[in-house]
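Chain by chain, the residues:
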Amino acid sequence: MDLIRWIRRNLVILAGLATLAYLILPNVIVLVFSFNKPNGRFNYAWQRFSTDAWTDPCGVPDLCGSLSLSLQLAVWATLGATVLGTMIAFALARYRFRARPAVNSLIFLPMAMPEVVMAASLATLFLNMGVGFGFWTILIAHIMFCLSFVVTAVKARVMSMDPRLEQAAQDLYASPAQTFLRVTLPIAAPGIAAGALLSFALSFDDFIITNFNAGSTVTFPMFVWGSAQRGTPVQINVIGTAMFAVAVLCVLAGQLAGARRKRS
Amino acid sequence: MTATETREAAPVSAAPRNVRKRLVPYWLLLPGILWLLVFFVAPLVYQASTSVQTGSLEEGFRVTWHVQTYWDALTEYTPQFLRSVLYAATATVLCLLLGYPLAYLIAFRAGRWRNLLMVLVIAPFFTSFLIRTLAWKTILADGGPVVGVLNSLHILDVTSGLGITEGQRVLATPLAVVCGLTYNFLPFMILPLYTSLERIDGRLHEAARDLYARPVTVFRKVTFPLSMPGVVAGTLLTFIPAAGDYINAELLGSTDQKMIGNVIQSQFLRVLDYPTAAALSFLLMAAILAMVTVYIRKAGTEDLV
Amino acid sequence: MTQPTTTGGDVRLDGISKTYGSFTAVHPLDLHIPAGSFFALLGASGCGKTTTLRMIAGLEEPTTGTIRLAGDDVTALPPHRRPVNTVFQSYALFPHLDIYENVAFGLRRRGIKSVKRQVGEMLDLVQLGDFARRRPQQLSGGQQQRVALARALINHPRVLLLDEPLGALDLKLRRQMQLELKRIQTEVGITFVHVTHDQEEAMTMADTVAVMNGGRVEQLGAPAELYESPGTTFVANFLGTSNLIEAEITDKSGGELLLTAAGGRLTLPAGRCGAPARTGAAVLVGVRPEKISLTPAEDTGAVPAARNRMTGRIADSSFIGVSTQYVVATPDGAELAVYEQNIERDPRLVPGAEVVLHWSPAHTFGLDPAQDIDAGTDISTEGEAA
Chain F
1 MDLIRWIRRN
11 LVILAGLATL
21 AYLILPNVIV
31 LVFSFNKPNG
41 RFNYAWQRFS
51 TDAWTDPCGV
61 PDLCGSLSLS
71 LQLAVWATLG
81 ATVLGTMIAF
91 ALARYRFRAR
101 PAVNSLIFLP
111 MAMPEVVMAA
121 SLATLFLNMG
131 VGFGFWTILI
141 AHIMFCLSFV
151 VTAVKARVMS
161 MDPRLEQAAQ
171 DLYASPAQTF
181 LRVTLPIAAP
191 GIAAGALLSF
201 ALSFDDFIIT
211 NFNAGSTVTF
221 PMFVWGSAQR
231 GTPVQINVIG
241 TAMFAVAVLC
251 VLAGQLAGAR
261 RKRS
Chain A
265 MTATETREAA
275 PVSAAPRNVR
285 KRLVPYWLLL
295 PGILWLLVFF
305 VAPLVYQAST
315 SVQTGSLEEG
325 FRVTWHVQTY
335 WDALTEYTPQ
345 FLRSVLYAAT
355 ATVLCLLLGY
365 PLAYLIAFRA
375 GRWRNLLMVL
385 VIAPFFTSFL
395 IRTLAWKTIL
405 ADGGPVVGVL
415 NSLHILDVTS
425 GLGITEGQRV
435 LATPLAVVCG
445 LTYNFLPFMI
455 LPLYTSLERI
465 DGRLHEAARD
475 LYARPVTVFR
485 KVTFPLSMPG
495 VVAGTLLTFI
505 PAAGDYINAE
515 LLGSTDQKMI
525 GNVIQSQFLR
535 VLDYPTAAAL
545 SFLLMAAILA
555 MVTVYIRKAG
565 TEDLV
Chain S
570 MTQPTTTGGD
580 VRLDGISKTY
590 GSFTAVHPLD
600 LHIPAGSFFA
610 LLGASGCGKT
620 TTLRMIAGLE
630 EPTTGTIRLA
640 GDDVTALPPH
650 RRPVNTVFQS
660 YALFPHLDIY
670 ENVAFGLRRR
680 GIKSVKRQVG
690 EMLDLVQLGD
700 FARRRPQQLS
710 GGQQQRVALA
720 RALINHPRVL
730 LLDEPLGALD
740 LKLRRQMQLE
750 LKRIQTEVGI
760 TFVHVTHDQE
770 EAMTMADTVA
780 VMNGGRVEQL
790 GAPAELYESP
800 GTTFVANFLG
810 TSNLIEAEIT
820 DKSGGELLLT
830 AAGGRLTLPA
840 GRCGAPARTG
850 AAVLVGVRPE
860 KISLTPAEDT
870 GAVPAARNRM
880 TGRIADSSFI
890 GVSTQYVVAT
900 PDGAELAVYE
910 QNIERDPRLV
920 PGAEVVLHWS
930 PAHTFGLDPA
940 QDIDAGTDIS
950 TEGEAA
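Chains as they are written, first to last, in the numbering used here: chain F, 1 to 264; chain A, 265 to 569; chain S, 570 to 955.
Hint data in this document are derived by calculation from the structure and do not stem from the laboratory.
Since this is a predicted model, take the numbers as computed values, not measurements.
All the pointers check out, no bait thrown in.
Quick list of simulated restraints, FRET-style, between CB atoms:
| no. | chain 1 | residue 1 | chain 2 | residue 2 | range |
| --- | --- | --- | --- | --- | --- |
| 1 | S | G698 | A | W377 | 35 to 41 Å |
| 2 | S | D699 | A | V480 | 49 to 55 Å |
| 3 | A | V305 | F | V75 | 22 to 28 Å |
| 4 | F | F135 | A | F488 | 44 to 50 Å |
| 5 | F | L71 | A | V480 | 48 to 54 Å |
| 6 | F | F135 | S | D699 | 55 to 61 Å |
Note that CB positions come from ideal geometry on N, CA and C, so glycine has one too.
Please model the entire structure based on the sequences and the hints provided.
What follows is the structure, encoded as structure tokens:
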């Protein structure tokens, strides 16, 4: 009787934690199977414990090459999308002009479009123009679909900023350029950082659009995709787990630093 | 100086400042919007023209206004279209049912665990989604623990009777594909839900309780209506990419679970029948746009854009 | 840029106006604010007072007119070139900078390298020396207010603009800060232009008050002058409370007008009548509630003959400590407010009692009857946000 009451009272918590388990389960599997030593080419069934893959993460041909390519792409795509997106976000958040609704729709559309449609369309353009597929076509595509996400993140931040802060800066003898550098940019920084982080994740993990526009260039997701056909090396689990760990550590470190700054 | 003189003089002296100011937003927009026009809008236009071309890879393609391609594509791939909508809709509903409790938990009940839970929701993103989807192959493997439990409870007999699993298998069935879609797009449901729930003033719950509402009623009359923007955004962010997805069907399904994304992908990258791929893209886009428009009307929130 | 000095400068507005599309926020306005004065722009939200202030600061461009600061035309100057500083509504402290850097902001922008001593002195002046390294979010409302003041004053502006600076504070703190601001203004000698919707605040602090309504200045003057001799029904009702009675001029004798109102006969000094003083013309007669005395009807004989008088019945009374407020209904249905000091309370003055209301003719004022008799009554207590 008490148990039933307790379950009823904590139903939301139990259901939420069940969902969390569903979300985390694959990561646990990826972690566990990074210590597997499979018999065949595929790493789907548990055989025996081994740290071989962890001691030799680049032991599979092309794996680390594709990883480094993906990281480079993500850095450049993040940079490009963040700069262009931040500029658009400021224009939309700070100014009233006639083309505003049209620009808003243009920003929204890429987010509301199935990736496969964007991917095929862009590839059609490149084919028609006779552009050779490779690093640059992937980068162009990544900047294109990351742009909208940066605009959304930065715009939200800038819109919620009190316009009086900028007026106060001007009132205190800051020229427009100084106002932007000393006040607007620092206050918008969390939004810009969020947009950049999202861009990095989206670009690094993108498969569909890259697959259509990469030609023979192989990014890390494309390597994984290919290996799903040919045979999955344990090393991709090692990379996946390492990325997960790095991400969690970065976020936790950031939070700790933030908490300490708040306390002092 | 007289009053009339000053009244005429002031706007003139302010004019150059005004013109420069009015041009600022356009300079800010220029590079980004140009990028989108060239690499997003122009491709769609090209795609539209490709969809009414005929020809072959050897002889080249020419615009012949061959609208028949659309009809052929639609009739030939009707099952894949319907499957895409069905799978995506099911996954969206499941995402909402699974995601809402977690978003609610993080927003109202997590206390000091809130940040940790948020990290756990977002962090899987950083393990490539392909690797994580492949992990489902292990989880749902034939003879694995999940299949074993479902089997011993005779659940698989029921689901196979309903046609969502096959015999003693989960992998390579509709269940596996929907499970993968739900898993992959769940964070896209949770994040907007959390954002809109987090904005709700906790005192509203107390006020509702004070006004004789039972907990269930508080949820039905206060919490849920106020979270509607999150629900609408979350369902759109889940449904749209799920309907165009082909990764889950490819990795977790068999040829009987192919979705429209698989068809576009193979027409474009393997068969090299560009007009059909283009026509299918446009049909998918039109279908999604139509459904989204109706949905937004029904849901009554148009402030998404 | 004008080199800042410690002395205030005067502000002269000539034909200043501001329109947004078809909406006129401020009608062409001429205003002179003398150097070193404490000037208040008083009005309800949307009356144009904040727009006027922002035009002086350079944050809004006037549609017409010129602005002069200490004789220089600054109309076309952007805000960062004007020797003017603002204390913003809700303060607009930079959340990413600590208190020290907030206060030093203006000095640094003007290229001053060694700011340490000045910032320290300024923080001491506002009693926040120990808080230099805190962030604005960690301070209370009153402390934030003082930071905003220090951040503006450290630049020694010719004119300090204050936009509802005390609006976010609770009543007690507001009273305290009013006196504090007044003290600082006297000390530094800078011209203060203060925008507020709180009539009490304006009257406590300012030397000169301009009452604004609908984008125009209704009346300008010293607080006592505005209160004792309001020129319009809006000022009469917005500044404190007024009893306004419709009357007719029946006769003129010497410097006095004889009126009939609600059956009674009243006297009004001709100099205090804001309406055309023709015999037979209508006029609105006004008197402040605290100027009226109440005498029970049976003691009518004790009322001095020279006083204006009306009869009525007490409809309601409420005791509020320093005074008792009565509502008295006259025979023709008008209701008058009367505030009596609680010095010696007559026990007969209870609801239902028949009374005589009487006051000195010198406290009577006459207004143009073409105006809305209720102008300014509902909005005087309107919310904080302008």
